[in-house]
Amino acid sequence: MENANIDAANQALNAVSEVGFTVSNIWILIATAMVFVMHLGFASLEAGFVRQKNVVNILFKNIMIVAIGLLSYYIIGFNLMYPGGEPGGFFGFAGFGLSMPDGAAGLIDYAGGAYGYHTDFIFQAMFAATCCTIVSGAVAERIKLMPFLIFCLLFVTLSYPITGMWKWGQGWLDQLGFYDLAGSTLVHSVGGWGALAGIILLGPRSGKYTDKGIKPIPGHSMPLATIGVLLLWFGWFGFNAGSVLSADPGAVSLVFMTTAMAAAAGALGAFVTSTLMFRNYDLSMALNGILGGLVGITASADGVTGTEAILIGLICGVLIPLAVTFFDRLKLDDPVGATSVHLVCGIWGTIAVALFGNYGDGVGTMQAQLIGIAAIGAFTFTFAFAVFGLLKLLMGIRVSREEEFSGLDIHEHHVKAYS
Amino acid sequence: MENANIDAANQALNAVSEVGFTVSNIWILIATAMVFVMHLGFASLEAGFVRQKNVVNILFKNIMIVAIGLLSYYIIGFNLMYPGGEPGGFFGFAGFGLSMPDGAAGLIDYAGGAYGYHTDFIFQAMFAATCCTIVSGAVAERIKLMPFLIFCLLFVTLSYPITGMWKWGQGWLDQLGFYDLAGSTLVHSVGGWGALAGIILLGPRSGKYTDKGIKPIPGHSMPLATIGVLLLWFGWFGFNAGSVLSADPGAVSLVFMTTAMAAAAGALGAFVTSTLMFRNYDLSMALNGILGGLVGITASADGVTGTEAILIGLICGVLIPLAVTFFDRLKLDDPVGATSVHLVCGIWGTIAVALFGNYGDGVGTMQAQLIGIAAIGAFTFTFAFAVFGLLKLLMGIRVSREEEFSGLDIHEHHVKAYS
Amino acid sequence: MENANIDAANQALNAVSEVGFTVSNIWILIATAMVFVMHLGFASLEAGFVRQKNVVNILFKNIMIVAIGLLSYYIIGFNLMYPGGEPGGFFGFAGFGLSMPDGAAGLIDYAGGAYGYHTDFIFQAMFAATCCTIVSGAVAERIKLMPFLIFCLLFVTLSYPITGMWKWGQGWLDQLGFYDLAGSTLVHSVGGWGALAGIILLGPRSGKYTDKGIKPIPGHSMPLATIGVLLLWFGWFGFNAGSVLSADPGAVSLVFMTTAMAAAAGALGAFVTSTLMFRNYDLSMALNGILGGLVGITASADGVTGTEAILIGLICGVLIPLAVTFFDRLKLDDPVGATSVHLVCGIWGTIAVALFGNYGDGVGTMQAQLIGIAAIGAFTFTFAFAVFGLLKLLMGIRVSREEEFSGLDIHEHHVKAYS
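Protein chains in written order, with the numbering used here: chain A, 2 to 420; chain B, 2 to 420; chain C, 2 to 420.
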């Protein structure tokens, strides 16, 4: 009788574990779908911010990036980023394709009982393509399609997973105490460094920097850009709160709140700063302020208070018009402001972990954060510069002047965005 | 041994409570993200329904409203709407910023074990900005940006939380038996009354009401408007079913079903009525019919059958073309039909609680519903009229004739929606 | 004391069952909202792929289809598709409207404890309208509004539920071992057969097939089409993974992964094939490749590996440009490629179940799959052809030449898509 009692109680405890697992697993899958929406957000934003003659091209690139990102992450990237083995390494590879790791006899034995193997893969795979999408906007309106897709394939298959492994795959930065919840550095700065390498090697769009000063080249559709930013904000709830990697109520609730507050503060910061700087209610600055706030909070969304999140986002918002102006002074032409948003705010957000984050002894120290920023920046920029440089030598990366003038849509796609 | 058994069983029961809490909490957060999408929906809808020359302006306003709404609700609004203390009051304030209420030692002790403190805040905060977004559409194409943003700040920080507290903060209307699940009155009519005050004080757009009759001013993009309405519908599942404030399967399932049926019936009602009235298959009427159906079911979505929901929605659909015509006769110019959708259908939906709702003794009586409609209407309209009136005196609220003619985008933002 | 122990343990077990039910139920409702987004996706895609003069018309149709689909499924369709009674039948009807089936005393007793009655209805209802939306795109730019809506009403009320019952309502195909997880055949091919019947009876758009060859008629907005496809992809996660009909972690995770991989592979397959065939980076082919991959994986998403999903999707992608070319050779004019995407890839996906699927003895055999494809195809095509044919006789289904030339928007809706 007593044994029966114990059995019933244990049976109940096991059943609870399974249901708890089911909740966390389904949440991470829902978060995966939300992160997927970010690709739609990027496609809309970038399409909105380029000229009408290059819209089909940017849409085509962003579609193909998602496809390439998912497929290459399936074949190679995932096992490069999560190689298993001893923690603390610089590089590892667990083999091609997906395969249940040893010891994960059942789903619930994987990842400490919070989510299954396929969930782990598909959530991470959705992240992977993001780093290329960020580059896509910066090099828009002048890069050739084929070399760009080759760059993306290499960037997402090799560069992103290797530096990602340093932290999320229990690599050396993780052992050092570097902290980055959802990728201010690991995703956004990585994209930003790739973008910077690209625009240095490509040069600015014709007519952007003239003897008479900097000529603004307005995007062709503000509604499209606005829709894109709000879709990105929506998706970011999944990006940050899914990165809790469970449905833990305290952590997920906090992340939702801090993510929203930083985005709102980013809009406000950019609104006030750009109004003072340009005497103009500048929609694209407010939009990039939102994105900046989101990038900035991404590293520390689970370790700061709401008020700290507002402060982090506000500073991101202030940084946006300053960074846009700064890059323009350097004649680094970035049609969508990707370097300002993802690189500058990504670095700031990673530093903010050390200033505000609350992660316990030795985690998120200023030293660890700076080493992480520098190491990942150096690796990524070098990788991207080398690949873009090689492609420039081998096949050229920039479209002809005539093609740039008449638009990439007609030349590469034989179709117009609007008929 | 027996103690061990009891311990194991109790441990299991506690674990079940925690998992149950986790499920409800994650649902309300997902619903929060869905409500966020409504802001994108409103931005798209309103942008689609205005003329091309005012598109950037409406997008800018809607972006800033979300930012202002979230930030002010964080600092003041939330604690004004949920002051705690004795039930039945008219006004209360629990202090600036967020702070865990006394007695909520752990997350699970808060809100009866269904969701955490931060979840509560962020779900409610997403609602708050909605009331201003509704006003935004009605006053579009002629209001000055700065006074509008000041109005929004005051409306969302003070007016909305005070009347919200009367019901959702356990205030006097709640004690009276007034019922409003997700805000037919508390959100939508509130927005509608604000809109009405605004358009009375602003006057109609130039050229709308002429000696030769009412001149229709068609919106600049029907695809944008349609996307907006369908995004609103999507978000409304979170708005209504999240307002169950738990993942309770019976209630949430019912709300999903009634919400969808009312929206569908709203489309049908508006389609048939407008086809009979105007001899025309009118897309904007069908779209507003959907929104009307959604507003109408918002108060009673958890207390009616599917058939009753269809009836409620159908009447909303019929009301839409009638109300649009009615407001036009009064020369109250509302570019997006916000007063017809949110005020008229919001009132009808609140009355429908008394006609069809099934909430037990003394809850949702006709008397309580009418008192609620009247009290909240009187307070909100007075507040909005006073604020808009004061702003009109102090700084003017209407753009110049020349600015209205050439468009707000060029004057206030120095940029065009489409290049 | 011992009894108390047993009670506590049993109480815990019951509580676990309830929470497990709550998780599955909320997941299927969230999936419902995601499937709803597919209607927005279809509306955007089809609007993007038609000419500017017919945009309001296609938006109006897609809005009304959702409304008609939900309402008719409530009144008749659901009880036609799930009649209860003996398994293995060809036809049954459980009566008008919704009513809790006998024996389902409580929510948790319904559907084996995974979801409630209203959840079951609303999830299925969201699916129903899809079959008409597919037709809508194929017959665009030349069909009269009223006969089209009458066709939709009959198609979604009678044809779709009857063939749906054969499998999902435990009908004769289910007994035979036919397998179709989420509707490669039951939803997508059904839509495709209806589309085929429609375009045969309607004839091509004027000017499409000329003496000088096939004239491409490009869609009016590539951004709209792209947004549509990515929204469809997002919604498809709910469509396929919701069709697991529980939150079972293993199955839902697998479906998310296979769905994403097939879509990505579809894009790649269409990209490579169309680049080889047309010497052009064709955006609309890549977009339809994604949709083809999604349609193709829909039948077997829960029974194949990731690598098999990639193979299935890749073949879909290759099929798209071939099928588009094939239908064009037959002078079957399909403005959005609905027959290529939904009919061709739907058939292939249903066959793929037999080739790759892993469902145990006698389930998903090649014989069963082919019988299912043929039987549902024959019934649906006959039904659609008869209804369209009858409507053609009774009231005509094609707009006048003049109306086609000047556009349906001005003639049927007295408004332009863009002002």
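A portion of the hints provided could be inaccurate.
A pair holds if it fits inside one copy or across any two, identical chains being indistinguishable in the list.
[Stated by the list, open to error] Straight line, CA to CA, 20 Å or less: simulated SDA-like cross-link-like pairs of lysine to any residue:
1) Lys216 to Glu405
2) Lys417 to Arg280
3) Lys209 to Pro148
4) Lys209 to Ser420
5) Lys209 to Glu404
6) Lys417 to Pro217
7) Lys54 to Asn281
No lab work stands behind these hints, which were simulated from the structure alone.
Verification of the supplied hints:
1. Taking the shortest Cα distances, Lys216 and Glu405 sit within 20 Å of each other inside one copy (16 Å), while across copies they are farther apart (28 Å).
2. Taking the closest pair of Cα atoms, Lys417 and Arg280 come within 20 Å of each other only across two copies (17 Å); inside a single copy the shortest separation is 35 Å, beyond that limit.
3. Taking CA atoms no more than 20 Å apart as the test, Lys209 paired with Pro148 passes in neither setting, with 23 Å inside one copy and 36 Å between copies.
4. Proximity of Lys209 and Ser420 under a CA criterion of 20 Å is satisfied inter-copy only: 16 Å between copies versus 27 Å inside one chain copy.
5. Taking identical chains as interchangeable, the C-alpha atoms of Lys209 and Glu404 lie at most 20 Å apart only when both belong to the same chain, with a minimum of 16 Å there against 30 Å between chains.
6. Taking CA atoms no more than 20 Å apart as the test, Lys417 paired with Pro217 passes between copies only; the shortest distance there is 13 Å, against 23 Å inside one copy.
7. With identical chains, the CA atoms of Lys54 and Asn281 are at most 20 Å apart between copies only, with a shortest distance of 17 Å across copies and 27 Å within one.
Hint violations for this structure: number 3 only, all remaining hints satisfied.
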